[in-house]
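> Could you put the whole structure together from the sequences, leaning on the hints where they help?
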Amino acid sequence: MSQLDELEEQSVYIFREAYKHFKQLCMLWSIGKDSTVLLWLARKAFFGHVPFPLVHIDTSFKVPSMIAYRDRLAREWGLQMVVGQNRQALAEGMSHTKGRLTCCRALKTEALRHTLDGTWPRLRMGADGQYREEQEREPFTGVIVGARADEEGSRSKERYFSPRDHNNDWDIADQPPELWNQFKTDFAPGTHVRIHPLLDWTEINIWEYIEREQVPIIDLYLDDGTGHRYRSLGCETCTAKIESTATSTQEILVELRATKVPERAGRAQDQEDTYAMEKLRREGYM
Amino acid sequence: MRETMQIVIVGHVDHGKSTLVGRLLADTGVLGEGKLEKVQATCRRQGKQFEYAFLLDALEAEQDQGITIDAARVFFRTELRDYIIIDAPGHIEFLKNMVTGAARAEAAVLLIDAKEGVRENSRRHGYLLSMLGIRQVAVVVNKMDLVDYDREVFDRIVGEYRAFLDEVGIRPRCFIPISAREGDLVAGPSDAMPWYDGPDVLAAVDAFAKQPGRADLPLRMPVQDVYKWNPRGDDRRIVAGRVESGRLRVGDRVVFSPSNKTSTIESIEVFAAEPPAEVVAGFSAGITLREQLFLERGEIMSHLREAPEVGTQLRVNLFWLGKLPMEPGRRYKLKLGTSQTEVTVDRIHRVLDASELGTSVTKKRVDRHDVADLVLRTRSPVAFDPSERIEATGRFVIVDGYDIAGGGIVRELVPDENQQLRLESRIRDIEWVRGDITADRRAELLGHGASMVMITGEAGVGKHAVARVLERRLVEGGNHAYLLDGKNVVLGVDSDIALDDRDALVRRFGEVAHLFLDAGMIVVSTTNVIGLADHRTVQTLVAPFKVLVVHVGEPAQGLPEGADLRLDPRCEPAGAVERIMELLAQRSRLRSH
Chain A
1 MSQLDELEEQ SVYIFREAYK HFKQLCMLWS IGKDSTVLLW LARKAFFGHV PFPLVHIDTS
61 FKVPSMIAYR DRLAREWGLQ MVVGQNRQAL AEGMSHTKGR LTCCRALKTE ALRHTLDGTW
121 PRLRMGADGQ YREEQEREPF TGVIVGARAD EEGSRSKERY FSPRDHNNDW DIADQPPELW
181 NQFKTDFAPG THVRIHPLLD WTEINIWEYI EREQVPIIDL YLDDGTGHRY RSLGCETCTA
241 KIESTATSTQ EILVELRATK VPERAGRAQD QEDTYAMEKL RREGYM
Chain B
1 MRETMQIVIV GHVDHGKSTL VGRLLADTGV LGEGKLEKVQ ATCRRQGKQF EYAFLLDALE
61 AEQDQGITID AARVFFRTEL RDYIIIDAPG HIEFLKNMVT GAARAEAAVL LIDAKEGVRE
121 NSRRHGYLLS MLGIRQVAVV VNKMDLVDYD REVFDRIVGE YRAFLDEVGI RPRCFIPISA
181 REGDLVAGPS DAMPWYDGPD VLAAVDAFAK QPGRADLPLR MPVQDVYKWN PRGDDRRIVA
241 GRVESGRLRV GDRVVFSPSN KTSTIESIEV FAAEPPAEVV AGFSAGITLR EQLFLERGEI
301 MSHLREAPEV GTQLRVNLFW LGKLPMEPGR RYKLKLGTSQ TEVTVDRIHR VLDASELGTS
361 VTKKRVDRHD VADLVLRTRS PVAFDPSERI EATGRFVIVD GYDIAGGGIV RELVPDENQQ
421 LRLESRIRDI EWVRGDITAD RRAELLGHGA SMVMITGEAG VGKHAVARVL ERRLVEGGNH
481 AYLLDGKNVV LGVDSDIALD DRDALVRRFG EVAHLFLDAG MIVVSTTNVI GLADHRTVQT
541 LVAPFKVLVV HVGEPAQGLP EGADLRLDPR CEPAGAVERI MELLAQRSRL RSH
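Respectively, the protein sequence lines represent chains A and B.
The first sequence lines up with residues 1 to 286 when you count with this note's numbering.
The second sequence lines up with residues 1 to 593 when you count with this note's numbering.
Because the hints were derived from the structure by calculation, they are not lab data.
Be a bit skeptical, because a hint or two may be false.
[Stated by the list, open to error] In the EDC-like style, the derived pairs of lysine to aspartate or glutamate whose C-alpha atoms are separated by at most 16 Å in a straight line are:
(1) Lys-20/A to Glu-296/B
(2) Lys-487/B to Asp-518/B
(3) Lys-20/A to Asp-225/B
(4) Lys-44/A to Asp-353/B
(5) Lys-210/B to Asp-5/A
(6) Lys-210/B to Glu-6/A
(7) Lys-241/A to Asp-223/A
(8) Lys-333/B to Asp-186/A
(9) Lys-260/A to Glu-37/B
(10) Lys-20/A to Asp-186/A
(11) Lys-323/B to Asp-370/B
(12) Lys-363/B to Asp-353/B
(13) Lys-44/A to Glu-274/B
(14) Lys-228/B to Glu-511/B
All values reported here derive from a predicted model rather than from experimental measurement.
Right, dumping it as structure tokens:
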């Protein structure tokens, strides 16, 4: 078995466990490379089907082509798309100028929490490709996320199945044991679980897999013609492009194998505070 | 093609595990640009002395307390291969995190402080590694700088620890004297210890071998789920599961345990690729079957020969992590492969403190961090293998309430009173001649699946009255039900045998019930004739058909083991039947209108 086979098989196993154990299951799709690989793995796990909704949190500051790409794939692959947003904060003028962590908290963490628990409106894509407000909103109890352990310190301590309590808190000091392929799948009412099928993947594994499987990735990762491209995708306002002339997956791989610059160096919110990511993630950031 | 290996670093708290890993990263140049400087700058700002461990102990609380709380995964490459290094906490409080980290690993580095020597968790971790199935181990004696790089200190620790590990079945590849802080023998030679001529840590890690595939072992595929995507215009019925060992090919005859259902592999299903004719151990597969079966998660698929063991009593080695002790009489959940079964502790052979082997204690319970040799008894038969034969289907976890509270390995099956019958009925089921109507199709046409309601209790408590009303209610409700009274079997089928030949009476009663069940009926029975204690035997014979056990007895006696419902003696039948019907409906065993 090759390295990518091993990773793929483990991810597929985790997907199937999640689908078996959680009635109210969804997957976060940020449109980035990791969650798009995750989506591809879901189709592998379920033989071409994606039997749960995909949730996207729209901060309204995303690169516009991300939204177009999202809706195109959703139609082509028959995905159940659900979109959430912090409308109130946006109406009150929230943006990174009010502080990056403040903005991330409001537009991502808060929006995500209320979209998942069903307390805020959700838009659902209909058969005609149009978004309409969902009438019945059940809270999601299982949320599949594309976090990878190699991204930053607090992610390296995650479980495949990681419980969050009713306040969405992550109790890092008291995580459940995971033995072999036995995960925590019994929960007290009120808890929900983050499920991490990509935990063991590295950034290079992700690109090797995209290359091997020909996963259709958004072209923002490739040279835009000016010698720049995104290495990590986020809000347009807080994500810097890197200098690169890579125009294909192979060229990205060549570049990555040589670099020592961390993946999230272009993500401004990470640099705000030494434990910024741990703090955000404890509160429910992905 | 590169390969990945997961390695765990374990040992007593403060012996320097995180420092070793941090040092490995720094010395081999795999740290991201600016990472070392960034952590050093943070330390200056916070007025702390820099430690290599901070490269790993990313959580705020960990840096404050100077200990590792949770196992971190660290990605690391050598020329040979990619590694995920799991830095496990050494503090006893976080043993479950150490176990989580180690359970993922293929090899381990056990670390000992040269000055402190072999400590409690050096031993406990060694023992747990052995139970977790990790056979490749390198022992590192750290902080040699604190003992002046003294060879005698090193040799003494090697002697003591080697003897201990030998007892738990671990034979280390090597013992390496190092100083992680000074960098001696981590990723290069050391001038300070000319007397040592073995590998450094990096070389020792590269010398670990990738675990051989399990493709040559007997086939085991625990059923993870069964998918039907009919509403999406896909009429495949796919049985999904990971091939844990062996290989499976299209056309293979297979049996599912413990139900003993048999079929043939029709196809191997994949997405966006050419369907293969064979899959081997390690792959998460999907298959379709030629003869449709009603299958549930938890069954283990194998070839007809070399099927796993099936039984209700398992002799196991177990380690306990639960906040509450494990005690006989309490009910737990056993998760083995993909199955889940209610389980109790049948008897405890011995409990030992894993940090002090040999000091086995006579205890009536298993406390947190204890290791025990005991017998588990499951409520219904479970399929498994002794872990020595097939690891993946020979290890389990115990769930207490909502939490995984323990884990372990199965040593052997302990035969229960029905073991012989179970083996006979397996042969019967495998050889069974079937018509064209599958059990599924039959259930679809009849409107309900087959099941059995067994009413138990002393003579004269009113079992028969309940059974008669129940049969009438079922049939009048459109169900295909039949009252199988034990006496009727005695009158005819048993007329050639002596009435005191209890074993034969029970076996024949069970076989007759099995025929009715195979015909798709709901069988209502009372067991006056063959006695109370025999209902487990009947259940064994009619498995995998579901049996609802209704016990009529005094409230003071409570609900007997294995019973689903208790009724008061001489209760009013109509009300009693109402409750039974409710239970049947809950378990979707009735025709719904």
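> Please go over all the hints and tell whether each is borne out by the structure.
Results of checking the hints against the structure:
1. Lys-20/A to Glu-296/B: Holds, at about 12 Å.
2. Lys-487/B to Asp-518/B: Violated, because 21 Å separates the two Cα atoms, which is more than 16 Å.
3. Lys-20/A to Asp-225/B: Measuring from Cα to Cα gives roughly 7 Å; hence the hint holds.
4. Lys-44/A to Asp-353/B: Not OK: Lys-44/A and Asp-353/B at ~45 Å, beyond 16 Å, violated.
5. Lys-210/B to Asp-5/A: This hinted pair holds, its Cα atoms lying about 15 Å apart.
6. Lys-210/B to Glu-6/A: Within the cut-off at roughly 13 Å; holds.
7. Lys-241/A to Asp-223/A: holds (10 Å)
8. Lys-333/B to Asp-186/A: holds (10 Å)
9. Lys-260/A to Glu-37/B: holds (13 Å)
10. Lys-20/A to Asp-186/A: Given that 16 Å is the threshold and the Cα spacing comes to 12 Å, the pair holds.
11. Lys-323/B to Asp-370/B: Holds: Lys-323/B and Asp-370/B sit about 12 Å apart, inside 16 Å.
12. Lys-363/B to Asp-353/B: holds (11 Å)
13. Lys-44/A to Glu-274/B: Distance of about 13 Å is within 16 Å: holds.
14. Lys-228/B to Glu-511/B: violated (33 Å)
Violated hints, listed in ascending order, are 2, 4 and 14; each of the other numbered hints is respected by the structure.
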